[in-house]
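Number of protein chains: 2
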Amino acid sequence: MKENIPTKKKISLDDIARELGLSKSTVSRALSGKGRIGAETSARVHQYVKDMDYAPNLIARSLAQSKTYNLGVILPADSDLAEKPFFQVFLLGACEAAAANDYDVVVTVVVEKDISALKRLVHNKKVDGIILTRLLVHDLAATYLKKTGIPFLVVGSSSDDALVQIDTDHETACEKLTSLLISMGNRKTALIIGSDEHAVNVSRYRGYAMATEGSAEGLDRRIIFQNIGTKTAMDKSVEAAIREGADCILCGDDIICSQVLSKLNNMGLSIPDGIRVASFYDSAHLKYNNPPITALEIDVKELGVVAGQSLIDMISGKEIKKRTILNYQIALKRSTQ
Amino acid sequence: MKENIPTKKKISLDDIARELGLSKSTVSRALSGKGRIGAETSARVHQYVKDMDYAPNLIARSLAQSKTYNLGVILPADSDLAEKPFFQVFLLGACEAAAANDYDVVVTVVVEKDISALKRLVHNKKVDGIILTRLLVHDLAATYLKKTGIPFLVVGSSSDDALVQIDTDHETACEKLTSLLISMGNRKTALIIGSDEHAVNVSRYRGYAMATEGSAEGLDRRIIFQNIGTKTAMDKSVEAAIREGADCILCGDDIICSQVLSKLNNMGLSIPDGIRVASFYDSAHLKYNNPPITALEIDVKELGVVAGQSLIDMISGKEIKKRTILNYQIALKRSTQ
DNA sequence: TTGTATGCGTTATCAC
DNA sequence: GTGATAACGCATACAA
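From first to last, the protein sequence lines stand for chains A and B.
For the first sequence, the working numbering begins at -12 and goes up steadily by one.
For the second sequence, the working numbering begins at -12 and goes up steadily by one.
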């Protein structure tokens, strides 16, 4: 009887073995390449597998090896972060690295004070390692993961040597940008920045402080606005900065910057004539603004790729650097000229 | 309440059974609740499990049941979409629905013409069902998934009855918004919209066309700009719209809108006095603009929740509606007054 | 109600 | 080089 109908039936190692007159283990070795295997046998198996479009059952492999070939990426769901493109672009990068290594990415969401979803993920052993995409100064997730012993890394900088870190050097970058702006003639450079519970904002603040402390005018607390989260707070900060005679406003990130721009526009201040503006983080939010905004440019997707690859290396038992620093660029635009 | 020290030893059904003088299957039934089980036995098992912090091996369960308890969410990585907050917020919603049902979310990335990552995901059987977060007019991914037989649904609207769809009724929404603007006195309402390869843009265009065709002025092709993707093209479109005497510009989405706003600002046109502006999609990009922008408001996170829950229902064999339509709101703001 | 036996599809450890 | 066979941990049809 001729069978022209392609059989949809899932085919297993057993089937292949039977069909080829071999044993399961031989077929397994032929496919994995591990252990000794005859050249001709291996060729036959590979040919058959290709012809029949054999799909190994990864679940079974997982069970046998106690490995999931999944990476966990933890995203913050706090409302102020939910729309930040950083996390999405990072995720794309991580997916790219994962796919290149035949891993997949499992996404889990946490909020600052509730990491139950993360605990569930670990408890269920659904991933071989975890990436924390944002680091808090007091980070529940990082603290928890350290105790579990599961391989993980954080995107961000910390003085905790127990953490494997991948980050841009925000502190140095912000210091350089701030210094540059001061050297360009801005005497009173204000800072409007988000929550100092976020490690990245602490780094940014430090960079800004280093630069201003070294300047002629020195650091002026009256034009520093930290923990700014709401539109109202930003508006007030801008007003206060102007009142104090700021000639330049540095924004902690892209979201803050676009709201500052809106407020300045509202106040009838033109950029760069009325006031200069720059941002410590770039994104599409700012890219097409008129005038273009001076900002730190970070290759976030690359950050995701590097983080994903590094985590896979950790899982594979390779030694990796405790701290990986990626490059940035200072893009001077018309907003500060 | 004392913190019990996490026991490192992995404990299995066998261990519990031995410890309690029961059999594996009894313990299994006690935990799953399936089949008959004595009340007292069940209580004993549950108590023991709680005390010992037992974590069932989900991989083993997957193998036994041929179920992964994973949802696949397919994200587009095309550069023009990579930073759109829609996908990120949707993903958060999907994760929420998944977590509520003890599922996890596996994210995979595709581009328009390359769905190899999706194929790998399906081939590897890493998920029980799939959500396509954007629908193209000629959608490779949807076509492929139909052939595989795996449960899946699309976020978007299609005339293909074979697709399970979840969407906002963009067509009606855009028609209503356009009609409203016309009725408010805008005689020449221009449209600047993205690729008509995206199903959503086709719907939006149809809504716009329906409304303008029914108006006094009728539909004017000279103020319709489709397939606009680059900043340059947007600038040119805005210029052309103004040249043709447009008194209002409708933007296909938030990204287009923010760039249109930038261009208008550049041209010295004030809103709403010089020209009116509205957008077919809202986001944080627009939320804090000054003046506030009239736009369609969609609860994207809720869309993600509904999509996730619906997919789980499909997987569970429940009958679900072929087409689920979610609500929207027309938010009239100062930009069109 | 509970226990026994078997299957899920691999990988790994041995002999041969 | 190759082939039985035992894990891996759970679910389930069937027997008791």
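If you're looking for bench data, these hints aren't it; they were derived computationally from the structure.
Source: prediction; values computed, not measured.
Be aware that a few hints might be false.
[What the hints assert, rightly or not] A partial selection of chain B residues facing chain A, derived with a Cβ cut-off under 10 angstroms:
hint, residue
1, Ala47
2, Phe74
3, Gln75
4, Ser249
[Stated by the list, open to error] Quick list of in silico lysine-lysine cross-link-like pairs, DSS-like style, CA-CA up to 30 angstroms:
hint, chain 1, residue 1, chain 2, residue 2
5, A, Lys37, B, Lys223
6, B, Lys100, A, Lys(-3)
7, B, Lys288, A, Lys(-3)
8, A, Lys100, B, Lys(-3)
9, B, Lys(-3), A, Lys112
10, A, Lys(-3), B, Lys106
11, B, Lys223, A, Lys11
12, B, Lys(-3), A, Lys54
13, A, Lys11, B, Lys54
14, A, Lys54, A, Lys308
15, B, Lys37, A, Lys112
16, B, Lys100, A, Lys288
17, A, Lys11, B, Lys11
18, A, Lys54, A, Lys112
19, A, Lys133, B, Lys106
20, B, Lys106, A, Lys54
21, B, Lys112, A, Lys305
22, B, Lys305, B, Lys218
23, B, Lys112, A, Lys112
24, B, Lys223, A, Lys320
25, B, Lys11, A, Lys54
26, B, Lys54, A, Lys54
27, A, Lys308, A, Lys274
Think of the CB as a built atom: it goes at the ideal place given N, C-alpha and C, for glycine as much as any other residue.
Review point. If you check each hint against the structure, which ones fail?
Key: 5, 7, 11, 19, 22, 27
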